[in-house]
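Peer 1: Next come the chains, spelled out residue by residue.
Number of protein chains: 2
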Amino acid sequence: MQNLVERLLAKDIRAVAHAISIAENGRQSSSHLLKQIYSNVGNAYRIGITGPPGAGKSTIVNQAAKIIRNKNKRVGIIAVDPTSPFTGGALLGDRIRMSEIGGDKDIFIRSMASRGSLGGLSKKVIDAADILDAAGYDYILLETVGVGQSELDIVKAADTTIVVLVPESGDSIQAMKAGLMEIADIFVINKSDRPGAEQALASLKTIMMMRTHDEETWIPGIIKTVATENQGIPELFAEINRHKEFLDDKNLLLKKREKQTKNRIKEIVEDYIRDELWNDDRENSLDSSLEKVVLGKLSPYRIAEELIENFKKEI
Amino acid sequence: MQNLVERLLAKDIRAVAHAISIAENGRQSSSHLLKQIYSNVGNAYRIGITGPPGAGKSTIVNQAAKIIRNKNKRVGIIAVDPTSPFTGGALLGDRIRMSEIGGDKDIFIRSMASRGSLGGLSKKVIDAADILDAAGYDYILLETVGVGQSELDIVKAADTTIVVLVPESGDSIQAMKAGLMEIADIFVINKSDRPGAEQALASLKTIMMMRTHDEETWIPGIIKTVATENQGIPELFAEINRHKEFLDDKNLLLKKREKQTKNRIKEIVEDYIRDELWNDDRENSLDSSLEKVVLGKLSPYRIAEELIENFKKEI
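Residue numbers (the numbering used here), protein chains in the order written: chain A, 345 to 659; chain B, 345 to 659.
Mixed in with the good hints there might be a few duds.
Copies of the same chain look alike in the list, so a pair counts if it fits in one copy or across any two.
What the hints assert, rightly or not - Dumping the calculated DSS-like pairs for lysine-lysine here, alpha-carbon to alpha-carbon at most 30 Å:
#1 K594 to K568
#2 K657 to K588
#3 K657 to K568
#4 K656 to K610
Honestly, the hints are just simulated from the structure, not real lab data.
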């Protein structure tokens with residue numbers, strides 16, 4: 345392990361890949377590893393990119409990576425695949441497109457799946473981001489589909505969060521995806537050469553105007569792009585820098601990261617305790633009482649109390 | 345309290361309203377109340393209605409309530425208001441429309457807000473459904489906006505879950521809302537007199553065809569409605585009955601309710617333990633170490649371990 349940490353800090357790509365696999369697979373080894381690199385974490389700038397499937401997130405990530413490389417900075421990309429069978433195909437396509445930038449040794453790309461993992465996805469992705477951070481990547485791009493709590497938790501862990509929409513995402517989607525609206529530092533209307541881009545822009549502006557405005561509050565910029573043609577990507581990057589400077593000027597970056605760290609530590613603690621709580625014994629004990637509850641012979645609250653008492657005694 | 349329970353079981357509407365307020369406000373009193381009524385719970389049929397804002401959920405609930413009353417059955421409605429400021433207005437309008445059926449004493453309507461509650465919303469709503477169940481309502485309609493985990497948890501706790509879409513909700517939304525697709529027992533395409541209804545129907549059918557088909561698996565029906573004109577609502581009700589009979593025939597209702605009960609008990613237990621875990625002392629101790637973590641002077645995993653040790657010692 346010591347050797348792995350040394351190689352990781354020396355920017356050895358295979359060590360990075362191995363370390364992320366450790367973060368993905370095991371709680372204990374992951375915790376052991378992360379405890380050895382914490383003092384090297386905190387220098388990278390983390391950018392979250394989210395939005396509905398088909399909005400062009402991967403293309404934007406791809407183009408942003410090229411801009412970062414042109415500045416001679418190193419970039420790590422973590423793309424989170426959703427579990428849903430409905431979107432699997434599109435994402436596979438995205439990953440293939442991304443191979444265009446795959447030859448550059450200063451771009452590290454990793455796809456992480458939520459399939460099969462019982463929660464803890466955001467924890468794993470944030471651990472992986474810490475690993476990339478410690479390995480000296482200057483920018484970390486976290487790409488997720490804007491569906492589900494753990495996906496949102498991931499992009500909320502970024503310094504700048506970009507929500508990608510397309511002109512077709514009309515008013516109703518925007519309202520529907522209120523969870524997305526509230527986490528955006530920057531909106532991108534991608535595929536903005538399609539009809540409806542101006543209306544989408546106008547409706548986003550209207551929503552922005554409904555927000556509170558004061559000096560401490562960042563007003564999300566709205567950038568129109570055609571990512572496949574590289575249109576609007578330099579402007580997007582300028583907006584990212586404007587947001588970064590805003591956070592720096594107002595001394596908000598530290599504050600933001602403290603809040604994220606709080607959520608992260610709470611998740612680590614709660615994951616651990618949940619695992620202890622639902623050991624085989626208590627899981628079986630719960631299973632064996634379900635029929636009685638459904639048939640009105642036992643109160644669900646009585647069962648819950650018994651499980652709590654048992655947990656308190658045993659932990 | 346004993347008096348309240350007696351009045352509740354005697355179908356006293358004011359007792360029902362009071363009991364739901366208890367379920368909404370306090371954990372201990374709620375648990376005490378629920379433990380007194382469990383043997384009267386389990387007779388009502390629970391229908392969840394969800395979908396994006398503006399899809400017409402409330403109108404459908406309204407019309408469904410009328411059909412239930414025409415069968416001389418009693419109906420309880422719980423409408424969950426989302427916290428988002430973007431949709432508040434529309435929902436207020438819905439509630440006003442619903443006053444059309446508000447005069448009937450065998451229709452009980454209650455609006456529950458997620459605003460300000462730190463989690464636990466689905467727990468409260470399911471408790472409220474148990475109260476209505478014990479008070480002899482034959483049908484319980486649970487209406488929520490299909491955004492956010494707790495909203496999904498609520499409709500997942502129904503016997504039959506209806507997902508309401510509109511013709512404008514095209515392919516991309518459907519993919520985006522994969523979480524909704526997977527919980528639907530019945531799809532409604534409301535406002536189906538608008539352009540695009542046939543395409544929406546076709547694309548839903550395609551998605552259904554991608555699913556596994558066996559005798560134990562229910563294939564969701566797709567019903568076109570114009571709820572404001574009462575078009576398609578009798579057909580929707582027939583489909584609800586077809587689903588109910590399917591569950592009865594295959595002996596799946598008990599199984600489904602057992603699974604829901606398991607989730608519910610786990611949530612009760614985890615809520616309780618999370619409250620014990622994040623008492624003021626540990627919350628303060630966490631807050632005071634955040635800056636050090638962000639500045640790379642402490643590992644988040646070290647802090648997590650200390651909090652876990654402290655919790656184990658004290659509980």
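Peer 1: Please work out whether the CA atoms of K594 and K568 approach to 30 Å or closer within one copy, between two copies, in both situations, or in neither?
Peer 2: Within one copy only: 27 Å inside a chain, 53 Å across chains, cut-off 30 Å.
Peer 1: State whether the alpha carbon distance between K657 and K588 is at most 30 Å within one copy, between copies, both, or neither.
Peer 2: neither (49 Å within a copy, 42 Å between copies)
Peer 1: When no copy is named, should K656 and K610 be tagged within, between, both, or neither for a Cα gap of at most 30 Å?
Peer 2: Classified as both; 20 Å inside a copy, 15 Å across copies.
Peer 1: Are the CA atoms of K657 and K568 at most 30 Å apart within a copy, between copies, both, or neither?
Peer 2: Neither, since 58 Å and 55 Å both go past 30 Å.
Checked against the numbered hints given earlier, the structure breaks hints 2, 3 and satisfies all the rest.
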